[in-house]
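K.L.:
Spelled out from the first residue to the last, the chains are:
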Amino acid sequence: MPATIAVILLLVIPVLLTIATTFGEAGGPFSTYAAFFKSGFRMAVLYRTLQIALITTAIALVVGFITAYVIAQMPGRLKSIMIIAAVFPLLTGVVVRSFAWLIILGKNGIVNNVLMSAGLIGEPLSMLYTQGSVIVAMVYLFVPLMILTLVGVLEGIPRDLIEAAASLGARPVPTFLQVILPLAAPGLIVGAVLVFTGSFTSYATPQLLGGEKQMMMGTFLYQRAMVTFDWVGASTIAAIMVVITIGVVLIMSRMARRLNPMAV
Amino acid sequence: MPTRIHPILGAFAILVFFFLLAPLVIIIGAALSDTTFLTFPPQGLTLRWFANIFQIEAFRRTAITSLQVALLGTGLSLLIGIPAAYALNRYRVELPRWLSTLFVLPILVPEIVFGFALMKSITIGLGLPVFISLVVGHALLILPYSVRVVGASLASFDFSIEEAARSLGCPPLKTFMTVVLPNIRAGVIAAFILAFITSINDVSVSVFLTGPGISTLPIQILAHMEQFFDPTIASVSVLLMLVTVGVMAIVEATLGLTFLTK
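Line order of the protein sequences matches chains A and B. The first sequence begins at 65 in the numbering used here and counts up one residue at a time. The second sequence begins at 5 in the numbering used here and counts up one residue at a time.
Just so you know, the hints here were simulated from the structure itself, not pulled from any lab data. Because the structure is a prediction, the values reported are computed rather than measured. Mixed in with the good hints, there may be bad ones.
A short list of chain A residues far from chain B (calculated; beta carbon distances all over 10 Å) [to be verified]: (1) Ala67; (2) Ile77; (3) Leu81; (4) Gly92; (5) Tyr97; (6) Phe100; (7) Arg161; (8) Gly183; (9) Thr309.
Computed from the model, here is a short list of chain B residues facing chain A with C-beta under 8 Å [said to hold, decoys possible]: (10) Leu13; (11) Val20; (12) Phe22; (13) Phe44; (14) Gly48; (15) Leu51; (16) Ile84; (17) Trp102; (18) Leu106; (19) Phe107; (20) Leu144; (21) Leu147; (22) Asn205; (23) Leu244; (24) Leu246; (25) Leu259.
Every residue, glycine too, gets a C-beta built ideally from N, C-alpha and C.
All chains, please: the whole structure from these sequences, using the hints.
P.N.:
Following this line, the structure appears as C-alpha cells:
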C-alpha cells in the first residue's frame, strides 16, 4: 500500500534517524541524555512541562466530565446546540484561541481593566508569561476535546442501569460513584490521554502565553533547533518527548482495557 | 428519558460554555475597535482592520499558501488513505495487526517532533523544496483522519455488493468507483473536512517547514504578533473563524453535526 510506504519513509525513518543522532556523540552513546538529566535548566523545563500537562489534564477531566454529563441529559435539540457550541472552538485554530487570552490577560487586557476600574488594584497585574496563564489557555484549548470524548461515552451508558440502581434504593452519589463512574472510566482515560499528550507536546500556546520564562518541551525543542542550531540537543528533547508520549499512551490504553466493565 | 439535572451542575455547565465562547466574542469585538491597540469592549466601530489585512502582502501570500497546502495535502492524504482504509477493512484477517497501528503513528508521534524530523531529513537532507515538504508533512499529519474516518464508513459497508458487481464482470477499478465509493461518501466528506481544518490550523509541523518567502497563515500570524499588537490580528482571526463557520455549515448540510461525537 502506498500509505504504508509513505508513513515508513516519511515518518518512521526520519524520526528514528533523528533519535539515532543522539547516540553518536563523542562522549558515549548516552552522553547527551546524561547531560540533559544533569542540567538543572533542562530538567526544570521537563518538570514544568509535565506539571502543566498534568494540571491541565486534571482540570479538563473535572470540567469536561460535568459538562458532558449535563449535555448527555439534555433533550435532543438543546443537546445539538450545546455540542455545536463545544465543537466550534475545537475547529478554530490554536493560534486564534491562544491569541484570545493575550487580549484577556494582557497588561491592557480585560481582566486588568475590570480590576482597575473596580478599584481593586492600583496598577495592572502581569499575568502573561506565568504558569497560570499557560494553564488557563491550555484548559481552554482542551476542554472541548474532553467534552466531545465524554458525551459519546456517557450517552452509551444504558439508562436502565441508573434506573435499576435508583429503584434498588441507591442514592445519587453512590449511583454516580458505583455505576456511572466505572462505566465512564475507559472514556475518561481516552480523554485524559488526548489532553495530556496534546498539552505535553504543545508549541503555539506556550510560545504565545509562556514566552521564554515558561519554556516547555515543545518551545524548547524549537529554540534548540532553529535559534541555537543545536540539532543534537533538539533531537535529545525530541527523543524524550517521543518516549514519554508513547509510554503514556501504552500504559493508559492497557489500563483502559482492564477497567472496562462492559468488556467482561 | 433524560434524568433531572441538579441546578448546581446546570449552572456549572452554563459557566463552562461562557468560558468556551466568550474569548471568541472578545476577538470579534477587538477586531472592530477603532483604536490602534487591542481592546475590549471595542471603542468605536470600524472595519478598517479588515481592510488592513489586504494591505499586508504577507497575509495574502501566506493565506494562498495555506489554502494550497491544505487542499493538496488533504487530496494526497485521501488518495493514499482511502486505499489503505479499504485494504484494512477488506483484508482484515490476512493483514498483520501492526499495519493499522502504523497509520495511527502520525497522531502518536508529537507533531513538533515530526516537523523537526521532517525538516532535517527531507527539506535539508534530500534538499526538497519547502513547499513540497509542507504538502508532504501535512498529508502525513492528516493521514490518520483519512484512514480512520473512511475506515469507520467501510466497517459498515457490505462487501458482498462489491463481489456481486465483480462476478457480473465489472472491472475492479470501476467497481470501486461506482459501487464502493458512493457508499462511503459520508466518510470521505468527513475525512476531508477534518483533514482540511487540521491542515489549515497547523502550527507545530509548519513552523519547521517555512523558508524564504514561503510560510503558512498561522505561522505568519505568530510572526506578526511578535512585532505588532494592533487589531489586524484580531480581524485575521475573525476571518479564520468564518472559515470554521463555513466548514461547520458544510458538515451540517451533508452529514449533520452530531456525527462529530460518534
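K.L.:
Each of the hints needs a verdict: does it hold here or not?
P.N.:
Comparing the hints with the structure gives:
With a least beta-carbon separation of about 4 Å from chain B, A/Ala67 fails to lie farther than 10 Å from that chain, contradicting its non-interface assignment. Against chain B, the non-interface label of A/Ile77 is violated: not every CB pair exceeds 10 Å, the least being about 7 Å. Non-interface status of A/Leu81 relative to chain B is broken: a Cβ of that chain comes within 10 Å, the nearest being about 6 Å off. Every beta carbon of chain B lies more than 10 Å from that of A/Gly92, the smallest distance being close to 23 Å; the non-interface claim holds.
Listed as outside the interface, A/Tyr97 is consistent with that label: its C-beta sits roughly 16 Å from the nearest C-beta of chain B, beyond the 10 Å cut-off. No beta-carbon of chain B comes within 10 Å of the beta-carbon of A/Phe100; the shortest separation is about 15 Å. The non-interface label for A/Arg161 is inconsistent with chain B: the shortest C-beta to C-beta separation is roughly 7 Å, within 10 Å. Listed as outside the interface, A/Gly183 is consistent with that label: its C-beta sits roughly 19 Å from the nearest C-beta of chain B, beyond the 10 Å cut-off.
For A/Thr309, the requirement that its beta carbon stay farther than 10 Å from each beta carbon of chain B is not met, with the minimum near 6 Å. Because the smallest distance between the Cβ of B/Leu13 and any Cβ of chain A comes to about 6 Å, under 8 Å, the interface hint for this residue holds. Hint on B/Val20 holds. Least Cβ distance to chain A is approximately 5 Å, under the 8 Å limit. A cut of 8 Å between beta carbons decides the hint on B/Phe22: the least distance to chain A is about 10 Å, and the hint is violated.
For B/Phe44, the interface hint holds, since its Cβ comes within 8 Å of a Cβ in chain A; the closest pair sits about 5 Å apart. For B/Gly48, the suggested interface contact is broken, since its CB lies about 16 Å from the closest CB of chain A, more than 8 Å. Below 8 Å, beta-carbon pairs count as interface contacts, and B/Leu51 has none with chain A, the closest being about 19 Å; its hint is therefore violated. For B/Ile84, the interface hint holds, the least distance from its beta-carbon to any beta-carbon of chain A being 4 Å, beneath 8 Å.
Proximity of B/Trp102 to chain A is violated relative to the hint, the smallest CB-CB distance being about 10 Å (cut-off 8 Å). For B/Leu106, the suggested interface contact is upheld, since its CB lies about 5 Å from the closest CB of chain A, less than 8 Å. At its closest, the beta carbon of B/Phe107 sits 7 Å from a beta carbon of chain A; the interface hint therefore holds under the 8 Å criterion. A cut of 8 Å between beta carbons decides the hint on B/Leu144: the least distance to chain A is about 5 Å, and the hint holds.
Because the smallest distance between the Cβ of B/Leu147 and any Cβ of chain A comes to about 7 Å, under 8 Å, the interface hint for this residue holds. The closest approach between the C-beta of B/Asn205 and any C-beta of chain A is roughly 3 Å, which is under the 8 Å cut-off, so the hint is satisfied. The restraint placing B/Leu244 at the interface with chain A holds, with a minimum CB-CB distance near 6 Å, inside the 8 Å limit. Annotation: interface hint on B/Leu246 violated; nearest CB of chain A at approximately 10 Å, more than 8 Å.
For the restraint placing B/Leu259 at the interface with chain A, the shortest Cβ-Cβ distance is roughly 12 Å, beyond the 8 Å limit, so the hint is violated.
Comparing the model with each earlier hint shows violations of hints 1, 2, 3, 7, 9, 12, 14, 15, 17, 24 and 25; every other hint is respected.
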